[in-house]
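**Student:** Given the coordinates of chain A, work out where chain B should sit on it, guided by the hints.
Those protein sequence lines, which keep their order, are chains A and B. In case it helps, my numbering puts the first sequence at residues 21 to 123. In case it helps, my numbering puts the second sequence at residues 4 to 149.
Since the hints were derived computationally from the structure, they do not count as laboratory data. Positions of the beta carbon are idealized from the N, C-alpha and C atoms, including for glycine. Possibly wrong hints are sitting among the right ones.
To be verified - Facing chain B, from chain A, some residues (calculated, C-beta under 10 Å):
| hint | residue |
| --- | --- |
| 1 | 50 |
| 2 | 66 |
| 3 | 101 |
| 4 | 102 |
| 5 | 109 |
These are the residues of each chain, in order.
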Amino acid sequence: MRDPEFVIEQVTDPAEIARHRAQHERAKRNSDWLQTHWADLLPQARGRYVAVAGQEAFIADNAEEAWSWAEKAHPEDDGALCQYIFPHTGPRFYGHRRRMADV
Amino acid sequence: MVIVGEWRMCDDGVARPAVQALVGGATGTQLAEYFLVDSCADRSVLSAELLNHLGVSSTGPPADLIFRGIGGSSEFVLVDIVLEFASQDGAPARVRGQFAAFTDPTATDLSILGRDVLNHFDVILSRRNNEVLLLAPNHRYRVEGE
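Extracted from the complex, chain A is given alone in its bound form (with noise of 0.2 Å):
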């Protein structure tokens, strides 16, 4: 198995940069606000997708119903997340998981 090529370079253009970081930034407080709110989240969001903007969620039962809460309810905001919430917890084996029981 051949692992596909990457063509891997440091962006160096200032205005591409200033761009990127101001991105970033915003998604990183969505972020941040998303892993100190999973309380507030929990349960009602498993099994759904959460949509974050603004620092502000919403729970959706698909993930275009939760992209389009973030583009109307913060258009401004280019960092928004949007993730699919597992229905179960527990040890987690990624890559391609399923449920495991307890033995």
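**Tutor:** Coordinates of chain B only, in the frame set by chain A:
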């Protein structure tokens, strides 16, 4: 170039190593996404919800390429995209190429950064020091004893 990630608190109360990227396709729109730093995954994979919202055109994988994990195989497609990571010196790093993307929205909560990308970096995951770092070849690390 040092890409800086974080130990990200997930919905189950577990902090996992992740790095934020701005993901862009041919249209120029960039979306923010957090990637799980998964050194055991052979390939990087985008989540299905990111794939759908990016709106990039995709191609089916070759017949002999199957993504298999503990629970079985997952459907995926291939997309040409650019990932932009924040670096310590402020100038973002771009990774351009063909990535896989799940088509099942319930396959994963986070996109996955696997060894196909991680092999280009020295990867430091230290929960004790609260560090997630990807070092490009112009940086190095040193292990020291007391």
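**Student:** Indicate, hint by hint, whether the structure satisfies it.
**Tutor:** Hint check:
1. 50: holds, 8 Å
2. 66: holds, 8 Å
3. 101: For residue 101(A), the interface hint holds, since the closest Cβ of chain B sits about 6 Å away, which is under 10 Å.
4. 102: holds, 6 Å
5. 109: holds, 4 Å
When held up to the earlier numbered hints, the structure conflicts with none and fits them all.
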